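Visitor: Residue numbers (our numbering), protein chains in the order written: chain A, 1 to 211; chain B, 1001 to 1063.
Note that these hints are calculated values from the structure, not bench results. Careful, some of the hints might be misleading.
Covered by chain A, per the in silico footprint, the following chain B stretches (three or more residues, Cβ under 8 Å) [said to hold, decoys possible]:
id, region
1, 1012 to 1025
2, 1042 to 1052
With beta-carbon atoms standing in for the labels, derived distance ranges [as the list claims (entries may be wrong)]:
id, chain 1, residue 1, chain 2, residue 2, range
3, B, 1054, A, 26, 29 to 37 Å
4, A, 163, B, 1040, 16 to 24 Å
5, B, 1054, A, 146, 55 to 63 Å
6, B, 1021, A, 169, 39 to 47 Å
7, A, 192, B, 1021, 37 to 45 Å
Here the structure is a predicted model, which means the values were calculated and not measured. Idealized CB from N, CA, C, for every residue including glycine.
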Amino acid sequence: MDPTAPLFAGPPAAHGIHWLAVLALIVGGAAAVLLLWGLIRGRLPASYAVAAVVLPVAAYGLASLHMLEGSKQVTFCGSCHVMTPILKSLQSNDGSLAAIHDARGLVPHDQACFTCHSGYGIWGGVDAKMAGVMHMVRTATGWYTLPITHNGPFDINSCLGCHASASSFRAVEAHQDPDLQKQLLSHEIGCTGICHPAAHPEAALTGGGAS
Amino acid sequence: MMRLACFFGLIALAALGLLLVRLDGATAIVFSFVGFPALGLALALYAWARWRAGAFRLDPPAR
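Bound-form chain A, shown alone (with noise of 0.2 Å):
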């Protein structure tokens, strides 16, 4: 038995093409023949008007959607070389806090990264999509310096949205004082650090070189 098969397969086709790229594939296709034929002759047909732009629009709009959902998987994060060494440092289990959450089962291990850094509630991934937009922006243009760094405080939130009501949790006795709470909640302080150990290693900070 490969020891790296998955334990419960799901249904053949779990494991398949996304049907928003599928629709897209098909939405694009008939797009695509239609601009092709205004291109060799030129002009399109008046009937056609409305189609020359319901397609292409139709097929980004589901490509777009296609991408948001698509964007939360590990490999996406893990597709950029600066994020290639958290992505591996995740999935080796080095004792970084990520890969305790990551190896434990704590965090879908197909979303990790997204669970942890969007944020909670429903405007926690709406705040992750437009800071995607900005890491793309980033990337494309080599806008960043190493090692990188996280955009502000994290937001404990994340954190606590699991953890808050976790009887474990609320039985550790630092969790219980009022001032360490007022610290955590102001941002003044973070759960790694100090108490727990960094999100990630240094090493897989810098981008894959030296730091």
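Once you've looked at the hints, dock chain B against the given chain A.
Guide: Relative to chain A, chain B alone:
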């Protein structure tokens, strides 16, 4: 004008095809920063070509 609009539209669809075949950071960047502007340009050029042809006027010019 119409050929140019179709050309940019096809560039946009090529970026879309890349994204659908392989979704990663590189293709997402191409889709967002090449595909979307190309699609916008194609739509603008197409709208302009249609306007010149009298599509959006109540009294279209005589051909």
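Visitor: Would you mind marking each hint as holding or not holding in the structure?
Guide: Now the hints, each set against the structure:
no.	hint	result
1	1012 to 1025	holds (count 9)
2	1042 to 1052	holds (count 4)
3	B:1054 - A:26: 29 to 37 Å	holds (33 Å)
4	A:163 - B:1040: 16 to 24 Å	violated (44 Å)
5	B:1054 - A:146: 55 to 63 Å	holds (57 Å)
6	B:1021 - A:169: 39 to 47 Å	holds (44 Å)
7	A:192 - B:1021: 37 to 45 Å	holds (38 Å)
Of the numbered hints given earlier, the model fails hint 4 alone.
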